[in-house]
Each structure stands twice: as C-alpha cells, then as structure tokens.
Amino acid sequence: GENVEQHPSTLSVQEGDSAVIKCTYSDSASNYFPWYKQELGKRPQLIIDIRSNVGEKKDQRIAVTLNKTAKHFSLHITETQPEDSAVYFCAPIPVSGGYNKLIFGAGTRLAVHP
Amino acid sequence: EAQVTQNPRYLITVTGKKLTVTCSQNMNHEYMSWYRQDPGLGLRQIYYSMNVEVTDKGDVPEGYKVSRKEKRNFPLILESPSPNQTSLYFCASSRTSGTGGVRRSNEQFFGPGTRLTVL
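Here the protein sequences come in this chain order: A and B. Residue numbers for the first sequence follow my numbering, so the first one is 1 and each next one is one higher. Residue numbers for the second sequence follow my numbering, so the first one is 1 and each next one is one higher.
Just so you know, not all the hints are guaranteed correct.
Stated by the list, open to error - Mimicking DMTMM-like on lysine to aspartate or glutamate, the simulated pairs with C-alpha atoms at most 20 Å apart in a straight line are:
(1) A:Lys-101 with B:Glu-107
(2) A:Lys-71 with A:Asp-84
(3) A:Lys-37 with A:Asp-17
(4) A:Lys-101 with B:Glu-62
(5) A:Lys-57 with B:Glu-107
(6) A:Lys-42 with B:Glu-1
(7) A:Lys-101 with B:Asp-38
Hint data in this document are derived by calculation from the structure and do not stem from the laboratory.
So here's chain A without its partners, still in its complex pose (with noise of 0.2 Å):
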C-alpha cells in the first residue's frame, strides 16, 4: 500500500515569505497529487492539485511541482499572508488495480506572522 510522508510537520514565517511544504509517496503507480486545505474548525479543501503527466502546475501564489523519479511533490506559497495560516494535507492517489484506499500525510502546520 501507499506510504505518504510530510515534511515539515510545522512551519513558521513571517508575512511576504514563501512556504514550501514537500510530500513523499511510495507507490510509483500514483498519478493524482493533490493539497488540501483545512483552516481552524472548518473541512479540508483541495487548493491545488496536479497529474502525473505535467511537472508544475501554478494558480496564483501557490503553486505544485512534482518529481515522479523522486516521488515527492512539493507545494510552494508565494508572497504569504495571514490567511495562508492553516493544516495543509497531501494525498497522492495510486491508480494500482482495484486499489482505492487513500493515505494522507500527517498535515503541515503553517502559521503566517503579520
């Protein structure tokens, strides 16, 4: 099965700085990596995600790359703002037959100081 491993599991930066936060998968056989979101008291929310055949993906400040040799892919936070403070989770989705449970990583604290 999936082994899903996030790094750093809390990250502290001051507003303006970037955050980046990278999620290691062991299933080559994955190809939907997704990030959610999950703010204090409410449900997680995907934010970004991409698929196995592109490298790097962009929606305004944030953005996702991947390493499929690597298997890791990472998401970055440009310009960071108060509001960015939340959980952030990674859940690679393997596409091995008939295999559909789904791992999260263990969650990235991210605290946005003004």
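Starting from the known structure of chain A, arrange chain B on it as the hints suggest.
Showing chain B alone in chain A's frame:
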C-alpha cells in the same frame, strides 16, 4: 448547491450505545469515504465505497461498519462505541475516473464534520 452533509454535527454518548452518523451527497459521486481526524495523526481513512453495495476497509476500520444501499448515502455505524473512538469524523465524496475497468477516486469533497465524544 453541490454539497456533502453529515448529521449530527456534535454527539456525546456513552460506551456501548450504538450510534449512526449519516452522510449524504448530491453530486452523483460514485466514491464515498469516512475519515477520522485526531491531533497529530492527520486524516485516517476508516472505510470507503466505490459504488452502491461496494465497500472496503481503509486504514482504521476496527469498531466501525458502513453500508452503501443508495448512491447518495453512506452512513457510519458504531455498534459499540468506546472512548478511543472519540474523534472528529469527516465524510467525503468524489467522482471516479479511469479506463479498462480500473477506476480511481479524485478530489475529495468533505462534509462539515461530526465531533463525537464517547464517555
């Protein structure tokens, strides 16, 4: 409005008293799933369902049951709750995609969560 709903949102119960948490989605999604969230452990999948009458264990299925009799509903059943099942529970749904008989889930749409306390 496309959404996933869960009920109840908060529940305090006692050890051994059977309970059911309902989950419903109106997006015609094939895939539905239950997660529990505990501090420091992230989201752990309890059970998932690829379609009606098709369910399978996630990472932490012990002490839970599910059923998928209709596409829109996926209730979580705790036959005999214990204090270690005190947690925040999320239901989620997703469309599936794929070819050649191999289907997989996609973006998870989460419900608002159910905070369960077992005394």
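So, going through the hints one by one against the coordinates:
For a cut-off of 20 Å, the pair hint linking Lys-101 of chain A to Glu-107 of chain B stands: about 14 Å separates their Cα positions. With a CA separation close to 26 Å, the supplied pair Lys-71 of chain A and Asp-84 of chain A exceeds the 20 Å bound. Simply put, Lys-37 of chain A and Asp-17 of chain A have alpha-carbon atoms about 18 Å apart, close enough for the 20 Å limit, and the pair holds. Between Lys-101 of chain A and Glu-62 of chain B, the direct Cα distance comes to roughly 15 Å. Compliance with the 20 Å bound is thereby established for this hinted pair.
For the given pair, Lys-57 of chain A sits about 16 Å from Glu-107 of chain B by alpha-carbon distance, which is consistent with the 20 Å threshold. Taking the CA atoms of Lys-42 of chain A and Glu-1 of chain B, the gap is about 18 Å. The hint holds against a cut of 20 Å. Distance hint between Lys-101 of chain A and Asp-38 of chain B is fulfilled; the C-alpha atoms sit about 19 Å from each other, no more than 20 Å.
The structure fails hint 2 only (numbered hints given earlier).
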